[in-house]
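The task is simple: from the sequences and hints, build the whole structure.
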Amino acid sequence: MTLKRAYLLVVFISSSFSAICQQTAAYTHELVAFNRALELYNNEQYLAAQNLFDEVMDDTSDEKIKGDAAYYIANAAVRLNQPGADRLMENFVTRYPTSTKTNSAYLDVADYYFQTGKYALSRRWYDRVDEKAMSKKDRERFYFNNGYAYFRANQFEEAQTYFNRVRDSKEYGSQAKYYLGYIAYEGDDYEEANEYFEEVKGNERYSEDLSYFQADMNFKLGNFEKAIEQGLEQLPKSNRQEIPQLNKIIGESYFNLGKYDEAIPYLKGYTGLRGKWNNTDYYQLGYAYYKQGDYEAAINEFNKIVDGKNAIAQNAYYHLAQSYLESDQKQQALNAFKNASEMEFDARIQEDALFNYAKLSYEIGNSYESPSQVLINYLTKYPNSGHKAAMESLLIDSFITSKNYEEAMRLLENNRNFSDKQAYQKVAYYYGLELFEEGDYEAAIRNFDKALKEPRDQNITAKATFWKAESEYSINRMEDAILGYREFKGMSAARNTSEYDDLDYNIGYAYFKKNDYSQAVNYFKSYVANSRSEGAKKNDALLRLGDTYYVTSQYWPAMEAYQTAIDNGVSNADYAAFQKAISYGFVNRNDTKIDELDSFTRRYPRSPYRDDAMYELGNTYVATNNISQGIQSYNKLIRDVPESALVPKAMLRQGLIYYNNNEGNKALERLRKVVAEYPNTPEAKQAVSTARNVYVDLGRTDEYASWVRDIDFVEVSDADLDNATYEAAENQYLNDNTEKAIANLEKYVQNFPNGIHSINANFYLAQLYYRKGQVDKSISNYRYVTSKPKNEFSEQALARLSEIYLEKKDYKQALPLLEQLEQQADNDQNIVFAQQNLMKSYYETGNFNKANIYAEKVLSNSSAEAAARNDARIMVARAAIKAGNDNKARAAYKEVQKSATGELGAEALYYDAYFKHKDGNFEASNAAVQILAKDFSGYKMWGAKGLVLMAKNFYALKDAYQATYILENVIKNFQKYPQIVEEARAELAKIKAQEAKTNASVETNN
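The sequence shown: position 678 = 678 (the numbering used here), numbered continuously.
A couple of the hints might just be wrong.
[What the hints assert, rightly or not] With a straight-line Cα cutoff of 30 Å, these simulated DSS-like cross-link-like pairs (lysine-lysine) come out:
hint	residue 1	residue 2
1	K972	K997
2	K421	K934
3	K259	K237
Bear in mind the hints are in silico, worked out from the structure with no lab data behind them.
Laid out in structure tokens, this is it:
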């Protein structure tokens, strides 16, 4: 080696050594920092370690040190729960794929999440671990932790896979077997569960849980004695969570062994899952009480079972019903039996429940369906039942007692299996009576005929004959009515009926309506002579007897009959007195007639006949040539009763008197006043005709022509044609030739719209249209009559026209007519009719104040009948309800309840229950609803409202079962009343939401 080369080598070696020394110093410094960071990491000072590892990464170029630092930075981020920790770990794996720490990173992070209880996250990282790269110890931990993570997620199949890999592990074997046993227990594989539990039985860590599990398994395997033994042994050592479950195991085991007395305290000690019982829990405790004879306690448990739809619920409802029966709570029992009978899980229970439901329906009534239908359902479903004879007997009686005759007839006529003709006759008769009361006389006749075709009971046959005759009378078939009455009179069974007492009265009226007065006299005389009654009917017979004598010109007997009626205190004595006074004129006793009429006007100042009396008094004075007194009487009528239809007649009579006395100017003043104030009336037209003669006599024909030209209702030149046309039509009308009368009257009205007889023609035409059922066609003619000044047909036309609009529920049209009728009517009954329907119409149109005013008018009107008074009280009550005046409504409904029948009775009884509910008197309210169901079952709307009220009562009485069951049935059975159904839905939702707080079986819509 040359010197030069040796030098160079030295220099090179010197330089290299210097570089190596510098690198070693730097590397040593990095390791110190790395190791310092690792020490901090191992001491769980993760943030400080993370910061130092960050510095190491910045200062080193060594990839291995960088990789390890990145690993620990990511791990620290995981432990510090820093955002993006997962991303740091992903970055580490991506950037350093060959790092020896990759698998450790996955496992370390997974273990960390596992130890901190974040099992879902731990499984996410365990899934990345390479099993083959792990040590045996790490692999066992990996298997157990993965199994436990799946176990906590209730993924038992995956958990089993991992637990099975370590069940023989020294470290993890016991735990794995415990969890494998638990999984088998949860899967109802008690044999396998017991094998695993036996293997870890000696481990104190699991001993308490194992005792509970084994007690439960023995219970589920039906080893109830063993379950009780193990449960009682474990109970003192159990924690607060296990005690309720052990109580349930012990209690149910005693229950299944039939040891109900011993079961009760343990069943009560169960607190439910998450603080809630379910229907089975309530059933077991209720049944235990039931078997002990403690029916009240049984009811308190059974009635918490809401929404039950299985065999346990059917059994519970059946025994709930039996408990109610034992406690004499029949309405509640009916509901529970109904519910049990609608379930098909146990056929024996279903049949017996339906049997009891049918019996109770008959006994106490049923708002859901008619008792008759329930009984028929039972007989149809169980035709060979041992109870068949008893059920058929109840069925017959139910048709009568339920008073739901329409449905009874439908059932009898549509059910071929039932052939009791006696029941059929009875029901047909009672249904006929019901239809008669409702005014459907044609339908009533059809049902009376059905009763007469099955003459099984002589008493009913006789009554059906009578009421068929009454129905014929009501639709003006007098010949048929008389035949029926006389047939009834000849029946031996008739003499024992109440209908027989007034028979002569009815026959007399029929002959009277038929205008056969000679026969009418005989029957009215017979009734007056033989009737034991001294009431209104006898007085009315006296009046009709007087009328019959009167129209047959037998005035002395007529006056005698009228006087007897007056002496008996007849309510309309004014009519009798007036007729008697008039009669004196026909026997040439005008002085007496004048005295009687004069006396009449003083004694009866408010009589509707006072204007007739004044007018007739004037006529009688004139007839006896006492002209001045006659004029004064007419003036008194015109002054005191200006709204009377006789005023234009009186004025016309005055005009004629002045004309006959050659007082032309006075005559014209009266006659022109008639024409001006009462145009288009027959009197006005007669006044025009008479005035013409006066003007002619006075020589003032130009004045007449000028005056008559402005009168638009008389066509003077056509007067003869007018009279002739009308007379032809009227003759057909009076002879009952309906079709010809209609044709001629239509011709008259068309040709003489403002003719002399236009009021008469329009009224007669309207009557004929109405009689033929052409109601709408009659309206314009009735309206014509009512639009004219008060005339002899005004009252009848107003009554009929308002009746037409009322039937159409056109209250807007009816109201003004009814008001006019009230003001103009002379007949008391028409005044009551007007007031009663004004009351109803104002109520229907929402004017409750006016409705109340007219209701008070009806109540103060002595002529109003009981039915009208009840209607008035109902209106007072309804208006009070709308106004929130409970006290007034209570008083009104209480009065109605005393005498009302039919739908009014149902309404009054409902409000009786309603106010008792408001007072908190829930049991009394339910009692009223039960009467409503039994006595008024035909009025479904009130029955449905009553059921909703009953449900509220039961819930207030803490009977959730009754409340919910009733409401569910209202929703199911009363869809035709949507408002009631909606109220039931709202109430049911409210109750279920409340019950769901303590009963896990209750389903809500929330």
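Item checked: Pairwise hint evaluation, K934 against K421, where the allowed Cα distance is 30 Å at most -> holds, 25 Å
Item checked: Agreement of K972 and K997 with the hint, judged by alpha carbon distance not exceeding 30 Å -> Roughly 25 Å between the alpha carbons, so the hint for K972 and K997 holds.
Margin query: Next pair to validate is K259 with K237; report whether the Cα-Cα distance is within 30 Å.
Written below: holds, 25 Å
Consistency note: the structure conflicts with none of the earlier hints.
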